[in-house]
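Novice: Sequence:
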Amino acid sequence: MAKSEREKPKHEYPRRRYFTADEVSLHNKGSDCWVSYFGKVYDLTPLIQHHEGPLAQPIIDAAGSDISHWFSEDTGAPKRCIDPVSNLDAVWCPFGRYIHVPPIYPDASWKTNLGTAWWEDE
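The numbering used here puts the last residue of the sequence shown at 122; the count rises by one with no breaks.
No lab work stands behind these hints, which were simulated from the structure alone. One or more of the hints may lead you astray.
The list that follows gives simulated cross-link-like pairs (lysine-lysine, DSBU-like), each with its CA atoms no further than 30 Å apart [as the list claims (entries may be wrong)]:
#, residue 1, residue 2
1, Lys111, Lys40
2, Lys40, Lys79
3, Lys111, Lys29
4, Lys29, Lys40
5, Lys79, Lys29
6, Lys111, Lys79
What you are looking at is a predicted structure, and each value in this text was computed from that prediction instead of being measured.
Please construct the entire structure, taking both the sequences and the accompanying hints into account.
Specialist: The following block contains the structure:
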């Protein structure tokens with residue numbers, strides 16, 4: 001057996017990149033928007049650029065931080081609450097309604113064909 005064959009690892013393992021909270025915090029604006037939740041880091045800059053407008057602002061406001069508290073640990077979906085005004089079940093939005101979250105009240109302008117929500121997209 002040749003020496004180079006013995007030196008090769010049996011399995012190829014993908015390299016993972018780890019980011020500290022300080023590194024994530026540097027990406028804190030709409031043009032460079034990273035967030036973390038449940039131990040993973042997500043670059044939401046393309047999402048913000050594609051969905052410019054008021055629904056992007058809550059995500060921009062949270063840029064550079066951990067938003068795990070927005071989501072259920074059990075399901076990974078946004079947390080739910082009862083809206084105090086309408087008494088309807090709604091997505092809990094600590095900084096205001098954000099991209100892919102439906103309005104609380106019926107709205108004819110709300111598009112239902114948005115595809116996969118950004119928090120479900122791998």
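Novice: Go through the numbered hints given earlier and state which of them the structure violates, listing their numbers in rising order.
Specialist: none
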